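Asker: As given, the protein sequences belong to chains A and B, one line each in that order. Under the numbering used here, the residues of the first sequence are numbered 1 to 141, in order. Under the numbering used here, the residues of the second sequence are numbered 1 to 236, in order.
Since the hints were made in silico from the structure, they are not lab data. Treat the numbers as computed from the prediction; the structure is a model and nothing was measured. A couple of the hints might just be wrong.
[What the hints assert, rightly or not] With the C-beta cut set under 7 angstroms, the calculated list includes, among others, these residues of chain A facing chain B:
1. 29
2. 30
3. 34
4. 37
5. 38
6. 44
7. 124
8. 127
9. 138
Note that the Cβ used here is the ideal one computed from N, Cα and C, for glycine as well.
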Amino acid sequence: MFNILLIGTFAFLNPTLPDNPQKSDQRLDVNSLFEQLKDDNKIETKRLNKDKSKRIKFLTNACNSIKYPPLRFIEEFSKEHRINPNSIKVQYSVLKTERSTKTPFACSVTTVSDAGLCKHDLQITYSSPFKILGLSNVQCK
Amino acid sequence: MFNANKVVLILLAFLSSFSFAQSSDLRTKYLENQKIEEQKKLSDPEYHEINKDIYNTWKYIFDNAEVYYITDEYNHGQLKKKYGSSTHGFSKLLIVFQLEGKIFIANEKPAYKNNPIIWKQQEMFCRPLDQKFILPVPLSEVDDSGFYKFKTSYHRQSEFKTEPLIPQSLYPFEINLEDGQCYEGSYGGNDVYKCHIIDPNITGAGDSLKQLKSKVSLSFFNKYSKRVCKIKKNTD
Numbered sequence: 001m002f003n004i005l006l007i008g009t010f011a012f013l014n015p016t017l018p019d020n021p022q023k024s025d026q027r028l029d030v031n032s033l034f035e036q037l038k039d040d041n042k043i044e045t046k047r048l049n050k051d052k053s054k055r056i057k058f059l060t061n062a063c064n065s066i067k068y069p070p071l072r073f074i075e076e077f078s079k080e081h082r083i084n085p086n087s088i089k090v091q092y093s094v095l096k097t098e099r100s101t102k103t104p105f106a107c108s109v110t111t112v113s114d115a116g117l118c119k120h121d122l123q124i125t126y127s128s129p130f131k132i133l134g135l136s137n138v139q140c141k
Numbered sequence: 001m002f003n004a005n006k007v008v009l010i011l012l013a014f015l016s017s018f019s020f021a022q023s024s025d026l027r028t029k030y031l032e033n034q035k036i037e038e039q040k041k042l043s044d045p046e047y048h049e050i051n052k053d054i055y056n057t058w059k060y061i062f063d064n065a066e067v068y069y070i071t072d073e074y075n076h077g078q079l080k081k082k083y084g085s086s087t088h089g090f091s092k093l094l095i096v097f098q099l100e101g102k103i104f105i106a107n108e109k110p111a112y113k114n115n116p117i118i119w120k121q122q123e124m125f126c127r128p129l130d131q132k133f134i135l136p137v138p139l140s141e142v143d144d145s146g147f148y149k150f151k152t153s154y155h156r157q158s159e160f161k162t163e164p165l166i167p168q169s170l171y172p173f174e175i176n177l178e179d180g181q182c183y184e185g186s187y188g189g190n191d192v193y194k195c196h197i198i199d200p201n202i203t204g205a206g207d208s209l210k211q212l213k214s215k216v217s218l219s220f221f222n223k224y225s226k227r228v229c230k231i232k233k234n235t236d
């Protein structure tokens, strides 16, 4: 409602709104515009790629640095599997590369314990220092 | 006598409140204008130029480009069912502007400091954080066979976030605006579907263009609001 009022007010104040039937008198060099905006896209793509590689580097390091599972997980996991919590060790942890854009970043963590070899997704934040959000998808062999 | 006095008093009270309200309104408006002027100074001067240039570019496109509306097989099927309805809400729509053998689309994006918008090689970011700009994005030039080939994604009826630079959301399109042929591929390009160029006069697609025009106008006139924008000086 507010937007409609605002548009109405501006339409009244400014006679050169796009809906005005009067066409632009100034000629625009479409070729030049097209090329300039294509260059903008190239800059943006370059920036996105740079950001992506920076992000991947950070997350890879974060995943590699995980030597112990989160304490809360150790408690829950040992209770569920009725195992000694001290037996749970991280065997290796790597960045999970396959993810949907809507899910958090995650490390694929393999643990070895009295429950056997288990794989988990450990969700982490892309912030410094990174935070562990939680573990999910536990699969044990 | 008493009644006449009462009436006069009420009348005077009414008139004085009216004139007070008027002067108060003017004072408020004056102070607001002062604030706006101060606010405008907080932005880099280039921002006002860029903002004006974006608006003028859109105005030129709106005034001079041929507009085409593209939708997918599902939405086209829904349209057929509701033939004649002008209120069809598109879950997938692409408004394409054709100018001198080139096509453009609209893309709405925020201007964050770590992810600024780029306009003619100038990078710009704004505060408050939710400040968005709608920019024309070049898609493709017509080839010898009359086709425009490009990758993009649909937008919803009133949202123009086509995000042409995020690879996961890009789909290949091949369209011929002369004879109406339209094909879209899946991500990865293994499957091909027909898309449809639709007539806005018998659908609600034209409403989406009106919304785009309103958003562009609002975006431009927001320079008078609390938007403060800076130009990123060091680009690499």
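Asker: With reference to the structure, classify each hint as holding or not holding.
Answerer: Hint by hint, here is what the structure shows:
1. At a threshold of 7 angstroms, the smallest CB-CB gap from residue 29(A) to chain B is about 10 angstroms, leaving the interface hint violated.
2. Among the interface hints, the one on residue 30(A) holds; its C-beta lies about 5 angstroms from the nearest C-beta in chain B, closer than the 7 angstroms criterion.
3. For residue 34(A), the suggested interface contact is upheld, since its CB lies about 5 angstroms from the closest CB of chain B, less than 7 angstroms.
4. Because the smallest distance between the Cβ of residue 37(A) and any Cβ of chain B comes to about 5 angstroms, under 7 angstroms, the interface hint for this residue holds.
5. Hint on residue 38(A) holds. Least Cβ distance to chain B is approximately 5 angstroms, under the 7 angstroms limit.
6. A distance limit of 7 angstroms between C-beta atoms decides the matter here; for residue 44(A) the minimum to chain B is near 6 angstroms, and the interface restraint holds.
7. For residue 124(A), the interface hint is violated, the least distance from its beta-carbon to any beta-carbon of chain B being 19 angstroms, above 7 angstroms.
8. The interface hint given for residue 127(A) is violated, since its Cβ lies 12 angstroms from the closest Cβ of chain B, which is over the 7 angstroms cut-off.
9. Look at residue 138(A): its Cβ only gets to about 27 angstroms from chain B, farther than 7 angstroms, so that hint breaks.
Violated hints, in rising order: 1, 7, 8 and 9; the structure is consistent with all others.
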